[in-house]
Amino acid sequence: MGILRLAHVDVRTPDLDLSAAYYTEVMGLRQVLRTEDAVYLKCWDEEDHHSLRLRYEARTGLDSFTFRVEAEDDLHELEKRVEAYGCPTTRVSAGEAVGQGESVRFEVPSGQVMELVWDLEKTGNALGKHNPAPVPPPHTLKGIAPPRMDHMLVNAEEVGEANTFFTEVLGMRLTEQLLDGNGHQLGIWLAGRTNSPHDIAIVNGPNGALHHWAYWLDDWDHIRKAADTLAYNGVQIDQGPTRHGVTRGNTIYFFDPLGIRNEVFTGGYWVDPDTEIITWTEQEFGKGLFYYENVISQRFLRMHT
Amino acid sequence: MTDRILRLQHVEVRVPDLELCTAYYTEVLGLIETARTENQVFLKCWDEREHHSVILREAPTYGLDHMSFKVGDAADLDYFTEKLQAVSVPVKRYAARELGPGWGEAIRFDAPSGHVVELTHGTERVGNMLPMTNPPPRPQYLVGIAPPRLDHVFVMAEDVEAFTTFFIDVLEFRLTEQILANDGHQLATFLERSHTPHDIAVITGPNGGLHHFAFWLDDWNGIRDAADTLAYHGVEIDVAPTRHGVTRGYTTYFFDPVGNRNELFTGGYWVDPDFEPITWTEEEMGRAIFYYDRQVNERFFTVHS
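First to last, the sequence lines map onto chains Z and F. For reference, each letter of the first sequence is one residue, going 53 to 357 in my numbering. For reference, each letter of the second sequence is one residue, going 147 to 451 in my numbering.
So here's chain Z without its partners, still in its complex pose (with noise of 0.2 Å):
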């Protein structure tokens, strides 16, 4: 019962053309469908319809996110807990949205829509169900090609807020958190059903913003050779590769051609659902953010979508 996983995230873009090339030619996505304001995109081990909508808008923005539950009763049930908490939420029938059925909306405390769904339409991977080999054909993968979304981080004015919202509420797990000098929360990091460090992570920063989504890479030697591709596309990075202390996670941060924050990891460790939680504290926070170059960035913390 509960939250499983991140299923997909929904950005608008004022240059529909500009993104999908960058999404589909250095991110190495597939194109799943193209309407006529919006790009549906996969990673190649993902077996649902997509996990990334681009929707054309004027300005740049996060429309959702969208958690898939665990089961399918858990759609009533979450629903009930949020309006009691007293969130309005919708119902959004199925055949309304591409690739899923019947799914539940609502703004959590800092802003953001949020939705939670069962049923997404299972549309396969990239290697079938019949002796599969371990990788798709090598000339149909471009770019970075992650096989699939792994987290995202989206910011709000109260964290604390935050996390009493998507731990009692929702049901997430708190797994790490970052304290200031008074005990308040400045960053929280939350799993669903994945046994990893994150599936959300919530940091201080203004209501409704996006920090950026992940995508899983296999290892560090995977995560080198994306820095190798990123640079070649004359992409701008914004950190790494390195390391967090924060998840352990081996990491780069860079920027889309609408300034999107986007992130590739690995790593992270087994997370059991009484495991005590990591508590970082506001003056090691350097370390908890990237463990070897132990700064800062004033950009990590202040650009967002």
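Everything labelled a hint here was simulated from the structure, so no lab data went into it. C-beta atoms are modelled at their ideal positions from N, C-alpha and C, and glycine is treated no differently. Keep in mind that a hint or two might mislead.
To be verified - Here's a subset of chain F near chain Z, in silico, CB distances under 7 Å, partners left out: (1) D193; (2) G218; (3) S340; (4) D365; (5) I424.
Guided by the hints, dock chain F onto chain Z, whose structure is given.
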């Protein structure tokens, strides 16, 4: 709102030479000794927070004494006791610490293959080797291979289908992959609770047999380093670093000093609860097991403990 079975908690293996095996598991594999009884040594990996994941027990023969899975809640032990008794499987119950130092509350029963299966809750928490505030990503001065955690167990059964049905229907595991003989019966199956390709797998062979148990490493580079360590110490390598078709994992197999097979494993993929299982056919079994070699050495099928 419980997770039922979470993951593999521990394996207890029989060893005719306790001192020799303890030296191997601590110095070469790099596990940490946490307790001893008259005839047992308790070991854990560095990133595991609980008291033990491998128990060595002095005995005249080698092989698997039992395997234990962690459940999310103590009430899950009652839930599974009722389910097991409903299908006429006798269940024994043990209080916390009754079975040994650090041991949780547990139930035990026999799988159709004669393997003793334990479900447990409340294994003593001793912490990993890192602080809970501002932790570095890994401890310094680890010895040997030092995998962060135990990953899965692979056993043998005369009737793979009966074993698989029992694990799915009674214990609520999910099938991720299967190898089918030309007549359609299951030669091997791979089962999970942790959203990974396998927490347990079974292949046709003598009832009660242990094929191997596996430890997680973070990446392929870690597997290569481990092979260096194994070769340096003169450990008998069964299968040098390679890749599986099934699970897509990277692997190396080797034997402990008394002949129990160990594996180091990384890779794999994400598994949703409604994942459609992958099927391998008998003709492709070579690739299923060792994707690069496309054939399986006879020892892999015939040698077990």
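Hints, one by one, checked against the model:
no.: 1; hint: D193; in the structure: holds, 6 Å
no.: 2; hint: G218; in the structure: holds, 6 Å
no.: 3; hint: S340; in the structure: holds, 6 Å
no.: 4; hint: D365; in the structure: holds, 3 Å
no.: 5; hint: I424; in the structure: holds, 5 Å
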